[in-house]
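4 protein chains.
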Amino acid sequence: MGKRKVCVVITARPSYSRIRSALFAIRNHPELELQIVSAASMLLDRYGQTVNHVEQDGFKVDARVYMVLEGENLVTSAKTTGLGLIELATTFDNLRPDMVVTIADRYETIATAIAASYMNIPLVHMQGGEVTGSIDEKVRHAITKLADLHLVTTQKARERVIRMGEEPERVFVTGCPSIDLADEVQKNPGDSIDPFERFGGVGATVDLTNGYLVVMQHSVTTEYEKARKQITETLYAIKESGLPTLWFWPNVDAGSDGVSKGIRSFREIEGPTNIHFFKDIPPLDFLRMVNRSRCIIGNSSVAIRECSYLGVPAVNIGIREIGRERGPNVIDVDYDRKAIQAAILRHINAPRPKGVTLYGDGHAGEHIADVLASAPLEYSKRLTY
Amino acid sequence: MGKRKVCVVITARPSYSRIRSALFAIRNHPELELQIVSAASMLLDRYGQTVNHVEQDGFKVDARVYMVLEGENLVTSAKTTGLGLIELATTFDNLRPDMVVTIADRYETIATAIAASYMNIPLVHMQGGEVTGSIDEKVRHAITKLADLHLVTTQKARERVIRMGEEPERVFVTGCPSIDLADEVQKNPGDSIDPFERFGGVGATVDLTNGYLVVMQHSVTTEYEKARKQITETLYAIKESGLPTLWFWPNVDAGSDGVSKGIRSFREIEGPTNIHFFKDIPPLDFLRMVNRSRCIIGNSSVAIRECSYLGVPAVNIGIREIGRERGPNVIDVDYDRKAIQAAILRHINAPRPKGVTLYGDGHAGEHIADVLASAPLEYSKRLTY
Amino acid sequence: MGKRKVCVVITARPSYSRIRSALFAIRNHPELELQIVSAASMLLDRYGQTVNHVEQDGFKVDARVYMVLEGENLVTSAKTTGLGLIELATTFDNLRPDMVVTIADRYETIATAIAASYMNIPLVHMQGGEVTGSIDEKVRHAITKLADLHLVTTQKARERVIRMGEEPERVFVTGCPSIDLADEVQKNPGDSIDPFERFGGVGATVDLTNGYLVVMQHSVTTEYEKARKQITETLYAIKESGLPTLWFWPNVDAGSDGVSKGIRSFREIEGPTNIHFFKDIPPLDFLRMVNRSRCIIGNSSVAIRECSYLGVPAVNIGIREIGRERGPNVIDVDYDRKAIQAAILRHINAPRPKGVTLYGDGHAGEHIADVLASAPLEYSKRLTY
Amino acid sequence: MGKRKVCVVITARPSYSRIRSALFAIRNHPELELQIVSAASMLLDRYGQTVNHVEQDGFKVDARVYMVLEGENLVTSAKTTGLGLIELATTFDNLRPDMVVTIADRYETIATAIAASYMNIPLVHMQGGEVTGSIDEKVRHAITKLADLHLVTTQKARERVIRMGEEPERVFVTGCPSIDLADEVQKNPGDSIDPFERFGGVGATVDLTNGYLVVMQHSVTTEYEKARKQITETLYAIKESGLPTLWFWPNVDAGSDGVSKGIRSFREIEGPTNIHFFKDIPPLDFLRMVNRSRCIIGNSSVAIRECSYLGVPAVNIGIREIGRERGPNVIDVDYDRKAIQAAILRHINAPRPKGVTLYGDGHAGEHIADVLASAPLEYSKRLTY
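Line order of the protein sequences matches chains A, B, C and D. For what it's worth, our numbering labels the leading residue of the first sequence as 1489, then goes sequentially. For what it's worth, our numbering labels the leading residue of the second sequence as 1489, then goes sequentially. For what it's worth, our numbering labels the leading residue of the third sequence as 1489, then goes sequentially. For what it's worth, our numbering labels the leading residue of the fourth sequence as 1489, then goes sequentially.
So here's chain A without its partners, still in its complex pose:
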């Protein structure tokens, strides 16, 4: 029979964190053969060439696909996706996988989903059934309707996928591999490191000995023009807090240019002395820094997922993560510097919240590999009602 060839397409840094432990488990599974396609912002210097981390982790990258158009606007998002679709079809035609895995809901991932499903290659969708704001919401559910196998992170997500008309026996709750990393971090928090020496970055070299904040804030696609204003509120909230802060650069997205400009111009004008800015930190190091922090601020899903497991206090700003299930570690606020500051204060004056297993039990990678090895290889389906 031969091993099942499982082709995983990774298009961005956060997606790598959400699949990493599963990649190890697939590679080690006796009935599976791993193929990795590294595409989109994975290859870009501006987003830290995450493909290098993949190789440093010992994985072989079977194909590389540059596909991101410059412009970072809505037109180029669509064109990037079209280019990816063209080239991923060729890639699959040459790699001949038995199944294709697509991760979550970034706009360009629908290219993976269409290429596989049109080519009658069983499509596995990780992390469907969640509910959030922005274009991701449309993308995620559209991919659910293209996918043949659904590996979701929560029970509620499973119920939603089934309610959308998918067959229950094709929907598995495996938890999220990102929680496996959180589990690793919890078990081995690591030694305290000097992030400035190790990861460079720009801005003030802040004193971390009495605790620090972490910020990661992405733009929100469907509110493109407001991106700059939104980031500015957070920047002032942090500056005025005076607390030492490690700020991590946002990910590629329509609008990230607004965010980038907001940050650059703020630095030029305000010269904040309590913030250091980083780009491209390996996932494990990043999560360790978050785990040690007093609070994470912004709209990263890490604050809601990994931090629910780790019990790191989180201030979630705006609509990006609206609808996502939350543990007790999250306070939601609007794009408002006063509200952001108040939430930070509430968190750092309270005891650290207890971690919960809402998004996984720390063994998602193995669960995923087991499902991939045993699920029937089908690529035809019909609405259940």
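These are computed hints drawn from the structure, not numbers from a lab. A couple of the hints might just be wrong.
[Said to hold, decoys possible] Interface residues of chain C toward chain A, partial, derived using beta-carbon atoms under 7 Å:
#1 Ala1551
#2 Val1553
#3 Glu1575
#4 Thr1578
#5 Asn1582
[Unchecked claim] Here chain C is said to cover these stretches of chain A; the calculated rule only asks that three of the stretch's residues, wherever they fall, bring their Cβ under 8 Å from a Cβ of chain C:
#6 1547-1559
#7 1568-1576
Treat the numbers as computed from the prediction; the structure is a model and nothing was measured. Note that CB positions come from ideal geometry on N, CA and C, so glycine has one too.
Chain A is fixed; fit chains B, C and D onto it per the hints.
Relative to chain A, chains B, C and D alone:
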């Protein structure tokens, strides 16, 4: 305020039939401005350059996009879609519509859906919520999850779209414009014409005076290799029936090459004397010939939709239209020459079935224009559960 | 140092004949490693899936790229080239060759040339410096200006390339690999075969015992609309000659649709009894049939190149091969049935012409491999004046 | 007969300067109709959205095409060109021009050349026949071989184009439109402005009253990895000179990322107090600032072309402009801070050089429009030897 610019993207001959009356209604509506993009097989000689029919109907074509890759296989289906996505994004960027209309569920139409939804242009999906076999099934529901406004043909379709998590107030039952054409044909069946003189084609010049059969059979994407065998069963069933038959060439699709080859080789070997083959007939003429026929055979949706209204007996073969709602005019059979023959005989020995308004009341075009003029222009949504 | 990785991109059946013996020589050369990319019409059923011949010859195909757009017009020629450029760039990025070989002057080959030269991979152009009609003329010389190494077939070609501003030490006369095949055919003409049984095809099963004609006529790009008329002149000339004829289907090109239609319609109307039509014959078998024939008619370059070596009489029609150097075996005529017939008669009433080594000495493959192994790997150059 | 539709494709800021006066002349010519396609970095914020300047000049932009891939490396250069080719073909198919104008030799301009020539639209190439370093050299001459009409800037360029095999009657010396702008600047040098207030930018607000330097330095494609080192030499030369300097941000190119990074890191580390950095200055304002300057340093072609007419002293660094004809205003140096400083000193201690008409007489725009209105519309040609 200005008129709403409604951009309709048409990618294939049958889609034109399913939107034509709405195009007239949009053009004539005082609050709407019509933009037409003609793409994919609309432009190809091999499929009758349907774009010419559009212009003969008096419409202006605002943009043309060649996008179909040669190969007619699963890889090229995906790549065609990717190319369409790239170029439709540019097209919308230049035309700047207020809303985009995509029709039904052909594989390449997801390009229209993605381009519009990623560009924050409200997306209108015609004819969602239906259930059929093949890749169309995945495409249709994925587009539902991308669309902001759903114009469906039946009550059952509306229920399904809502059940998939769409807001009820965004789902309208307008009926299908193809029924408007059927209504026109019923009211004005036209004079009997000589199709051989008027439309050419190849094969026997059959005698139509005592009634005739019509055949239209497409390949079924996910059963690509069986396409040729399937068409051959129908060819023998028709040949052996000895009844005069007008056979209409199938549409562009992965696998249509199998169908084409099956037909060519059958003609070469069997030299059937009761079949004439046509390509590229204007929709109205085609439907008039169907309306006058004793029975329509194959797997065209015309047999199920338009013919339910007209009361034309239909023999539906195989899985392509499985799940689609049927009127009393349809007998379903497998790919089996004996079964096909038996069903034809049962039909032509019975009285003509009564027409029903299952797929529309003959005024779908106007209903559609009214909804487009009055619905809120939104491009953000969330799963209702 | 490692072997030099030589990546050969093949995009069409005739190109394969023009490189085949060099592929063997490269594969067998101790300092070279062969990579093959099979693209464009090489993969298409309609043009005989030549990729299968490559694999039957024992070569491994490293990447396949579908890139031909349907439409066969001037717009789609350009778009096909653009798509090829995008995907060949990705292919080279993944294969990492030390040099790229592009063959001759078909429109889509400029994609290979641009991808390689923009990526600083030394580009080897085979068969530059020739002069012909149509768009190939522009393409060929443009590729010369992009290429770093020129492997030409004749002394005159070498002079032209140098005159265009290329450095003399980068221009090598190796002869054409197609002559190696002709040499093989001359040394081993093979047993007489029954082409009808072996290669199928359609039309009359003609009697070959007293000699036969061979026809191969391509469309001429820049005279797109005249393609059908031109082919019709040849069809009548052949029909009226009454001589048994093997007609080989033309290659993919803008306008070949005109040619195809002309042939189909002629067969339908005139039902010629002395012509059999073939598609997709392996190069060796084709050349053996040509070698045994009394005369080759049309505008194939085979008539001018291989047949100059073999001494097969040729009637060359129209402007496609204008400017190409000729041996004594060629009579040139216009698109005119009378002129074509007269030239055929003149040839079959005269003694067979003597073969000449104008286009190669039968060892081009080895010469080519030697140059590829020894030439400096450079990708920077400047006009010599 | 109607006016000739002249479609000009502009892909970058410097190209706009090299065509601007011709656009006015074409628009005003009674027998010509102007179409403008704005593509590539013309649309990008990062390069100053030059498309806005075009519209501010009163021109209508007929189509916009986003085509630049992120990555700024050699792979993405090729893919950008392929994407442009696909979309420009569609654009020309929709705009239906009578002739297409492509400007100079940037890598992506070959997309314009191929689309037009493959579609049998007469192609006009501006500024062929020059000789420089880098990939532009290959691109320029390849476009010459695709073009039907050559509008060159110098007599020597004309001779080279003819020598490459082009017919003399298709090669016209019109001069360069950029000299028309220089002529305008010379006639009307304008009032002294405050560039810091008007154009923003970052860095020191230097004192311009006693003269200043101008720097513009692009990366050199085929020396990608050295880009950062090269720019650093110039940065130190300028810093150490202590002279007030206006530094203009380079253009999009493979490697410009190296340049950008070099500049950013230099500013962060060295904090130069005599340099101000600008991005996106309107051509006229830019040239006025250059005209008032004491010396222009870098590798911009402006230093060689416009400044030869204006008599502005220029220090040309490295190989980018090697081979280009020079007036008496240029000193050539290597990437070496000492050599750069020495050349600057030699210039500012000498009298200002005399202007020459090497690249045009100040009326190129009108000459160009006249040629476009009167030249035969041909798209077929053959090597002259």
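Status of each hint after checking the structure:
1. Ala1551: For Ala1551 of chain C, the interface hint holds, since the closest Cβ of chain A sits about 6 Å away, which is under 7 Å.
2. Val1553: holds, 6 Å
3. Glu1575: holds, 6 Å
4. Thr1578: At about 6 Å, which falls below the 7 Å cut-off, the nearest Cβ of chain A leaves the hint on Thr1578 of chain C intact, so it holds.
5. Asn1582: Holds. Min distance 6 Å.
6. 1547-1559: holds (count 4)
7. 1568-1576: It holds, with 3 qualifying residues against the three required.
Checked against the numbered hints above, the structure violates none of them.
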